[in-house]
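Undergrad: Here is how the chains run, residue by residue.
2 protein chains.
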Amino acid sequence: MRRHNLSRLLRILHLGGPVSRADITRLTGLNRSTVGALTTDLARAGLVVERDPVGRGVGRPSIMVTPNEAGAFVLAFDLRVERTIAAVVLLGGGVASRREARHAEHDPDPDAVLGQLERLTAELLADAPPDAVCLGMGLAIPGVVRHSDGLVRFAPNMGWVDVPVAARLADRLPGHAITVGNDADMGAMAEHLRGVARGSQNVVFLAGQVGVGGGIILGGRLMVGAGGYGGEVGHMVVNPRGSRCRCGRRGCWETEIGEEAVVRALGGRPGDPVDALLAEVPSAAEAGPLAEVGRWLGVGIGNLVNVFNPDVVVCGGLLRKLLPLVADQVRRELEVALQAPREQVRLALPGMDRDAALIGAAESVFEALLDDPLGCVERIRAEAAA
Amino acid sequence: MRRHNLSRLLRILHLGGPVSRADITRLTGLNRSTVGALTTDLARAGLVVERDPVGRGVGRPSIMVTPNEAGAFVLAFDLRVERTIAAVVLLGGGVASRREARHAEHDPDPDAVLGQLERLTAELLADAPPDAVCLGMGLAIPGVVRHSDGLVRFAPNMGWVDVPVAARLADRLPGHAITVGNDADMGAMAEHLRGVARGSQNVVFLAGQVGVGGGIILGGRLMVGAGGYGGEVGHMVVNPRGSRCRCGRRGCWETEIGEEAVVRALGGRPGDPVDALLAEVPSAAEAGPLAEVGRWLGVGIGNLVNVFNPDVVVCGGLLRKLLPLVADQVRRELEVALQAPREQVRLALPGMDRDAALIGAAESVFEALLDDPLGCVERIRAEAAA
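Protein sequences appear in the order of chains X and Y.
In terms of the working numbering, the first sequence has 282 at position 282, counting the first letter as 1, and numbering is strictly consecutive.
In terms of the working numbering, the second sequence has 225 at position 225, counting the first letter as 1, and numbering is strictly consecutive.
Hints are computed from structural coordinates only; laboratory data are not their basis.
Please note: incorrect hints may appear among the correct ones.
What the hints assert, rightly or not - Simulated coverage check for chain Y against chain X, where a stretch passes if three residues somewhere in it have a Cβ under 8 Å from a Cβ of chain X: (1) 247–253; (2) 269–280; (3) 301–312; (4) 331–341.
If you're wondering where the values come from, they're calculated on a predicted model, not measured in any experiment.
Yeah, the Cβ is synthetic: ideal placement off N, Cα and C, and Gly gets one too.
Input sequences plus hints: build the corresponding full structure.
TA: Written out as structure tokens, the structure reads:
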């Protein structure tokens with residue numbers, strides 16, 4: 001029970017920021033002395049800081065409780081097709097130190113990338129708050145990741161098949177808890193916890209640049225599926241007469257709305273930079289050439305609305321730029337989705353720019369701390385001392 | 001804790017049948033005296049019967065614990081397009097009394113159907129074990145049902161829009177707990193708990209005759225979505241050049257694999273009885289005319305495998321007869337689904353013939369008993385006495 005209450009309390013602080021003891025009492029329904037005992041426990045473990053409030057209110061001022069940014073952190077990595085973004089993410093969600101490293105080559109060698117992650121880890125650790133607890137490493141990957149052991153089954157745009165990323169990273173960096181997940185799954189969790197889908201329990205998050213990945217939150221929990229491979233919504237066939245997909249099928253959704261389709265629609269050649277081409281489209285009024293892509297975006301979102309009945313569909317990755325240009329076409333296609341689920345859904349752009357996967361990777365590691373704050377800290381301190 | 005253990009124990013018995021006290025000890029990890037106290041509590045509440053074992057084993061024979069079929073029951077209804085199936089489903093899952101009533105007309109008037117349900121209820125109650133606790137009514141409906149209050153938003157093949165079935169049934173039959181759900185959702189739960197998907201935590205259950213509905217189990221829980229409308233997999237667009245769907249879109253999956261498509265493929269006219277036409281196809285070797293339907297079945301299942309990463313896809317309803325005839329086409333299409341989820345999935349036919357929705361409707365009501373056995377029985381007995 002105490003563990004459960006500590007967990008609730010630290011979760012509120014980590015996700016919501018500083019709160020007064022009085023507000024904690026109100027939010028949790030716990031009585032004042034229990035709240036005091038809990039925050040004292042968390043403060044002793046270095047996880048929160050308690051301060052007298054600065055302003056003067058009516059009545060006795062309530063002590064402010066703040067997540068201790070100097071108390072615990074995660075090393076977060078967003079492994080992308082062409083580069084890796086890395087950061088120290090502090091308790092409370094702040095991003096303390098941010099680095100990028102480009103891959104030396106297209107279809108990078110896994111060992112080269114693991115070496116890069118090892119170097120980035122050393123740099124990040126040097127930047128991290130001294131005496132803080134390092135909770136572990138979280139890694140978002142643009143591919144299909146086995147949930148049980150962090151094996152990357154298939155990362156088509158990296159050229160990877162069956163790369164045991166979590167295991168190899170554990171060999172190189174012993175002593176760190178390591179979570180490896182699909183980038184869209186990580187992004188979905190970040191938007192659910194801290195972004196535009198906050199408060200929504202049923203979320204479809206779309207991401208990806210070259211392809212289209214999906215992260216699905218249902219009833220507040222990430223959809224994992226039998227092996228962790230769920231959410232590959234880019235590989236729904238929507239146009240059987242369409243073009244061949246990297247996956248081998250014909251007319252997958254991502255062949256109609258992915259980078260190549262957008263480049264083609266805008267008159268570019270395969271390999272032309274899609275972001276630059278999109279940047280030249282000033283507004284939806286000038287987005288005529290994208291109409292067909294927009295229609296396909298709407299057809300696929302309509303499918304997902306009928307299949308998942310989400311509260312919100314978040315268009316991340318390339319779709320973040322695309323959606324505002326083709327919103328009319330999308331709306332028109334959605335108007336013929338089933339009425340009941342259509343009434344409940346809203347379309348949204350990501351709340352955290354392009355950091356969703358990075359933040360989600362961090363949150364996947366924070367979870368162990370939030371689940372059992374004191375136990376987790378004690379365990380890590382004991383291991384460090386051994 | 002006691003409630004939790006009573007719940008575990010009754011669930012084992014309800015879903016698994018008679019077990020010896022010794023096996024309960026083994027299955028639950030509880031010690032012998034705790035198990036004895038729990039089974040005694042359940043026996044006093046009329047939920048289990050304890051008997052000395054008949055045979056003679058080595059050592060002291062262990063008392064057999066059996067779910068008490070005469071202790072509690074549910075009134076279950078499978079409302080279909082042309083008729084209603086009704087039954088008393090006993091604790092332990094036995095079907096005690098089974099009735100059918102045809103609707104008087106196509107697109108039946110909701111009040112006529114509610115009257116029919118009321119009459120069936122009176123008949124079932126007369127058949128039910130005397131002194132047993134009636135846990136309530138469970139109703140499976142071929143339509144989109146709002147989870148919060150059992151409002152039928154849309155049942156296209158009944159011609160129903162926004163019919164408050166649960167509320168109106170509660171007016172007619174006060175004092176009964178009432179659960180109303182989508183038939184494919186109910187069927188999915190039944191196959192997960194008692195059928196071919198037993199032990200599988202991630203299940204796609206396909207059902208339907210005229211259309212194609214889906215019930216999805218993820219991580220052992222029914223996918224509900226924001227309003228209870230999730231799982232409408234028949235309304236994924238897979239063939240945008242296909243025919244117009246009842247829902248208003250073009251080329252939904254059910255236009256390619258539903259009753260009309262099968263009738264057309266077999267040379268019948270709209271309205272011809274699909275079951276009779278299918279019965280004339282002796283084997284897969286003679287199922288050439290169904291090849292295209294089979295291909296679409298495979299395309300759609302491939303989409304669902306990529307999106308949900310299920311352990312099993314159960315082909316119920318019309319697909320139960322169709323799948324064996326077109327298994328080759330389906331397999332060929334599945335071979336190009338993503339490798340990782342494809343490796344994990346098996347295709348199956350329902351384990352409970354056409355009773356899945358009926359049994360699932362019953363299980364949706366048993367859930368309250370299984371969650372809190374003694375509390376539920378006490379509550380219902382107190383209400384009956386008041």
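Undergrad: Take the hints in turn and mark each one as holding or not.
TA: Quick rundown of the hints versus the structure:
For the stretch 247–253 of chain Y, the stated coverage by chain X holds: 3 residues have a C-beta nearer than 8 Å to a C-beta of that chain, and at least 3 were required. With a threshold of 8 Å between beta carbons, the proposed coverage of the stretch 269–280 of chain Y by chain X is violated, since 0 of its residues qualify and at least three are required. Check result for the stretch 301–312 of chain Y against chain X: holds, 8 residues qualifying (beta carbon to beta carbon below 8 Å, three or more required). Restraint check on the stretch 331–341 of chain Y versus chain X: 6 residues with Cβ-Cβ distances below 8 Å, three needed, restraint holds.
Figure legend: structure checked against the earlier numbered hints; the only hint not met is number 2.
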